[in-house]
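Visitor: Now for the letters of each chain:
Protein chains: 4
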Amino acid sequence: MVVRVGILGASGYTGGELVRILSGHPQAEVTLVTSQRFAGQALSEIYPQLQGVAGPDGTPLTCRKLNASEAAEMCDVAFCALPHVTSMGVVPEMIEAGVKVVDLSADFRLNNAETYAEWYGTEHTAPELLHEAAYGLPELNREALKKARLVANPGCYPTSILLGLAPMLKEGVVDLEALVSDSKSGASGAGRAPSQATLYCEVAEGFKSYKTIGHRHTPEIEQEIGRLVGQDDVKVRFTPHLIPQSRGILSTLYVRTGEDGRDAKQWRQVYEAFYADKPFVRVLPEGRLPATNHVRGSNFCDVAITHDPRTGWFVVLSAIDNVMKGASGQAVQNMNLMLGMEEGLALGAFPLFP
Amino acid sequence: MVVRVGILGASGYTGGELVRILSGHPQAEVTLVTSQRFAGQALSEIYPQLQGVAGPDGTPLTCRKLNASEAAEMCDVAFCALPHVTSMGVVPEMIEAGVKVVDLSADFRLNNAETYAEWYGTEHTAPELLHEAAYGLPELNREALKKARLVANPGCYPTSILLGLAPMLKEGVVDLEALVSDSKSGASGAGRAPSQATLYCEVAEGFKSYKTIGHRHTPEIEQEIGRLVGQDDVKVRFTPHLIPQSRGILSTLYVRTGEDGRDAKQWRQVYEAFYADKPFVRVLPEGRLPATNHVRGSNFCDVAITHDPRTGWFVVLSAIDNVMKGASGQAVQNMNLMLGMEEGLALGAFPLFP
Amino acid sequence: MVVRVGILGASGYTGGELVRILSGHPQAEVTLVTSQRFAGQALSEIYPQLQGVAGPDGTPLTCRKLNASEAAEMCDVAFCALPHVTSMGVVPEMIEAGVKVVDLSADFRLNNAETYAEWYGTEHTAPELLHEAAYGLPELNREALKKARLVANPGCYPTSILLGLAPMLKEGVVDLEALVSDSKSGASGAGRAPSQATLYCEVAEGFKSYKTIGHRHTPEIEQEIGRLVGQDDVKVRFTPHLIPQSRGILSTLYVRTGEDGRDAKQWRQVYEAFYADKPFVRVLPEGRLPATNHVRGSNFCDVAITHDPRTGWFVVLSAIDNVMKGASGQAVQNMNLMLGMEEGLALGAFPLFP
Amino acid sequence: MVVRVGILGASGYTGGELVRILSGHPQAEVTLVTSQRFAGQALSEIYPQLQGVAGPDGTPLTCRKLNASEAAEMCDVAFCALPHVTSMGVVPEMIEAGVKVVDLSADFRLNNAETYAEWYGTEHTAPELLHEAAYGLPELNREALKKARLVANPGCYPTSILLGLAPMLKEGVVDLEALVSDSKSGASGAGRAPSQATLYCEVAEGFKSYKTIGHRHTPEIEQEIGRLVGQDDVKVRFTPHLIPQSRGILSTLYVRTGEDGRDAKQWRQVYEAFYADKPFVRVLPEGRLPATNHVRGSNFCDVAITHDPRTGWFVVLSAIDNVMKGASGQAVQNMNLMLGMEEGLALGAFPLFP
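For the record, the sequence lines run as chains A, B, C and D. Note that our numbering numbers the first sequence so that position 324 is 985, with each residue one more than the last. Note that our numbering numbers the second sequence so that position 20 is 681, with each residue one more than the last. Note that our numbering numbers the third sequence so that position 213 is 874, with each residue one more than the last. Note that our numbering numbers the fourth sequence so that position 234 is 895, with each residue one more than the last.
Simulated from the structure, these hints should not be mistaken for lab results. Heads up, a few of these hints could be off.
One copy or two, it doesn't matter: identical chains are merged, so the pair holds either way.
What the hints assert, rightly or not - No farther apart than 16 Å at their CA atoms in a straight line, the calculated lysine to aspartate or glutamate pairs in the EDC-like style are these:
| id | residue 1 | residue 2 |
| --- | --- | --- |
| 1 | Lys926 | Asp969 |
| 2 | Lys872 | Glu947 |
| 3 | Lys872 | Asp836 |
| 4 | Lys761 | Glu734 |
| 5 | Lys807 | Glu775 |
| 6 | Lys896 | Asp969 |
| 7 | Lys872 | Asp969 |
| 8 | Lys726 | Glu838 |
| 9 | Lys939 | Glu1004 |
| 10 | Lys831 | Glu757 |
| 11 | Lys939 | Glu832 |
| 12 | Lys761 | Glu793 |
| 13 | Lys761 | Asp893 |
Kindly generate the complete structure, drawing on both the sequences and the hints.
Guide: If you want it as structure tokens, here you go:
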């Protein structure tokens, strides 16, 4: 069986990455790529690194304008890599036409239409799908994903934070008031649209925080933490930063566990058990710390647990490649699950280092 | 008056930076540079960028082996840029010989010889100077520095953290148990000695934490915070990270202020008043956040205060150039004060951007 | 005497750099900065690193819209950092109003209006000034600059190439047909306007040539080489490349000298003599090669001469900081000369390394 | 059939890359990795990115000391990633024991033992193998490789230069006296051994040439150009540079073709024909230029042909990933050919961008 795959909004970094991953997928083939801006152009004109990528008939893949009914005919499953707000205008038609969808935008991540409106400044136009959409973090939600028609692919920051915290949160001992997530991302997270802030000369040698207060990944993080601890109305401190590099997120997670007496070693065992059957999370042995260049180009999430007995803080570190496990890699992992394929198909590559 | 300056241990990044700064100092002249490893070589062979830097007689500066009595004859003031432990073997002789010393190592930063022994794994050999040494953070300790014979130049991380927190700490409302300093530094902080960990290929695209637990700047931070709040035995969570860039430190400081009701705007006023007569701290206006490339090559520390009303956390951000305000720039600022010169001499340059 | 300086088009990298340099100039003060796009905004909003830079009355410098007659009243000398074509619309008025001008655009570099039209695709609107304008390479044209009302500040690539070749060209032995200039520049040369090609993610890890054939600096290089060898119609192979870094140009210059028998050592002596009284060119000793990070932030041009006896090629290497000696630093050097000041005022800083 | 593979000298960048590539090879499995320095350590301690890579029995791969007879028992084919000189001490034993060898060092690239002695400063200790060794550039030498017991994997610079020039050289019209190769490489080419010159702070923002005259890849380039044009004693100007990035080589090749009248378009057709059945060379269409980040992590070599009619120069641009097509990727390609497998096995991944 070879599944026909569409990529809607193929001109961004996540779109290019999807094509790269799927070019090595044994049971999927890209039959449609769309881009409003580059319609009519070969994909290799937008992405020179993809020179030679061919469509199903062996000719170069060429971008088309998005037409939902046409798309529905041309593919069995679609990755929607469109901007938020745009995405919720397209996804319902695709679903209705019987196409399974992995949506990489933020549009279907929040269960609550009011929360969406509050953080995105616009009413949700497909609220009925908010409840149906499965949250696409396979390590926490695998069974639901196998049955989903629509997967909301998680944000890159939430992925790093949730995978770093899930085993501890599940144990119910985390002091949520004290919880701090200090997260750092490479510039690819800002996308490929030209802007002064992401020019080479502005980013190089220029570490900083941005949107220190009120980043839109906050409600997503809070919703999923709430689900893990079985509690509504969780509020979390989350601070994003920009690293002068292209790929990679590292989250430094500050955790207090109250009266719970377990030390780092014991927690490491909890993590190892929790992730035993999840091949993309690597719980690092004692003495090893994650680094973004040790996961680059791969679908791995590396996690380390450290403890500072002088102050009582746990510091959990979690690293992913934001374009892979934080976006396109995870999206393919979700597709694999949705379609009943082996979860890790096309995602087995070890990181590119250096 | 032109003061004769010696630089002991000139072959590291801080030594090279001292020469650069002092080449523009109107009242000081470098008369001695020492390096065990490069004795006999012109400074421009070690530091090609310094091609053309001349000593007092107009000939190129050449490295000599360190000889304390000779050094005492050749200079009025010395910057000691030697490694810790080595430094405390040299400084007492210099002081005794009447040379004023700014020590850039960690050897005279801690007041307590036992704390030193605990964190540095060796007994302090000049404990009598620990009490005499003035802690060289001019914004907090200017008067003591004017009278000092020996200045302990602060660590780069402590400088960024203390300048970011001082006005809040002074007000006595900071919850020290909740205090978290998540700090990030460029690779120059690791020095110029060859090591695999600081190779270009290991650092590029490779954000990570290191020494997550137990970094040696911790007791220095705790001691100075203790002094600001008038309390012994302060313990603070401090997490260092390595940024893929050469220069710059950004500290993200998480602060809770308990019952104190002031918001970010009110605190900004407190900071502005506190730093009104300290020209090297720039309290940023609302809406602006510091970035390491906005202070690079300068002696500035940029500080911003933000507040997250949803969780109650303050997030204070503080950026410095670790080689300048975090080391050599601050050292020259200290020298200026010790010698009764204008505090900002040779330090007025605006940052190099991009 | 303090000269009043205007910066027209202050919002680009060269404009910001001019403000930085002039903030340390003892005989000049910036009284006017213009920007169409940012009129009304404080300069520190455009350039956060310049927070604290003050105008003549001590208040922050604020951008104004360009008004030539107003500008003529507010300054004695103006740096025109506007885009080409725009510049030639403004400069004549300024000159006429008695303001001396250093123009950083390409508009007054070529003597020949037809050549201008051919390479820039538009007629020159002030051809009468083309002959008057002095070509602003002080090392080759110092006397003319002292008398100039209008200086055409050289392109960054031509500066690196001409300083690398001038002593050899002057000797009349260079085989111009064989001459190749393979030049590499950091991304700041592309300016601060948002574009996909200069995004961090596109530039990092991405060395390439661009405009391999037909870069607009070609006729400028040819004109000035022609002047040095006393020959019209010189044609030269010049290939620009983009380096993944912010600042710096390195030109690798391939030269054949026909029957001339001098070796690298002899040529080094020729270079040393030629540049003996030009403080910003550092002819490197045998065994040392220039690097862009050894001139960064400075006005130096480092030059090395090497010879390959096996093939007969000379390889001359020349490095500058494109924003300094390649643009704003050289512009201030030209201003100093025009106004009868010491050539190196405000330009004495050694490079920032690392 | 699954072939057992040994990697001798696995602790460098090329060794780590071989493990990465082979982890995705359907017909090969790594059974042995050796490292003198790290014997006894798990590979993931040396290369954290390889956490989880398992050997044939499913346990983590662990480094052993090199023992040739043991090695010969444990593998059918060996990649020798040892330093030159060391390599020629090991390879003969392996060959004798019936192990096929791809040698990544320089030891078997030159046919002539005297040339080796001249450039490497030591006598060759296995001169009898110099003639037997097949030069491992499959695009030029595929048939010989299929029959080889010993393959000399080409140098990274020669690979980029030869693939860029081969079709032109084959036509016999290139003026070899005028030929210039200006080549630029990322820092991974310098290896993983600690050295001051390759520290992050020394490389960043620091483009430069090194070994401008006399780089050891010169005789290899000359030998293979000589073979292509059927001429002995070819001498070529080759200038290496260091780019501030980890991976990638771009060679800018200056070519004169004398009386030959073909233009860029016609040459492009020649190149396309020449490389029609060589899947790893991508001849770029008109208007497109290669960039190192468009081949990163892949085995592709991208080539563009441009022509400057004003001066008569052709400028051919050739980009590879030096760790892949310039070393480990090409080595696996050679292994595939030696063992009668499909040439591109495990090498099909498209570049990682950004």
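Visitor: Hint by hint, say whether it matches the structure.
Guide: Here is how each hint holds up against the structure:
1. Lys926 / Asp969: Classified as within: same-chain Cα gap 12 Å, cross-chain 33 Å, threshold 16 Å.
2. Lys872 / Glu947: Classified as between; 13 Å across copies, 34 Å inside a copy.
3. Lys872 / Asp836: Neither. Shortest intra-copy (24 Å) and inter-copy (24 Å) distances fail the 16 Å Cα cut-off.
4. Lys761 / Glu734: within (12 Å within a copy, 51 Å between copies)
5. Lys807 / Glu775: neither (28 Å within a copy, 60 Å between copies)
6. Lys896 / Asp969: between (24 Å within a copy, 11 Å between copies)
7. Lys872 / Asp969: Only across copies: lysine 872 and aspartate 969 sit 11 Å apart there, 29 Å inside one copy, limit 16 Å.
8. Lys726 / Glu838: Answer is neither; intra-copy 47 Å and inter-copy 50 Å both fail.
9. Lys939 / Glu1004: within (10 Å within a copy, 33 Å between copies)
10. Lys831 / Glu757: Close neither inside one copy (36 Å) nor across copies (59 Å); limit 16 Å.
11. Lys939 / Glu832: neither (18 Å within a copy, 49 Å between copies)
12. Lys761 / Glu793: Within. Shortest intra-copy distance 12 Å satisfies the 16 Å Cα cut-off; inter-copy 57 Å does not.
13. Lys761 / Asp893: Answer is neither; intra-copy 30 Å and inter-copy 62 Å both fail.
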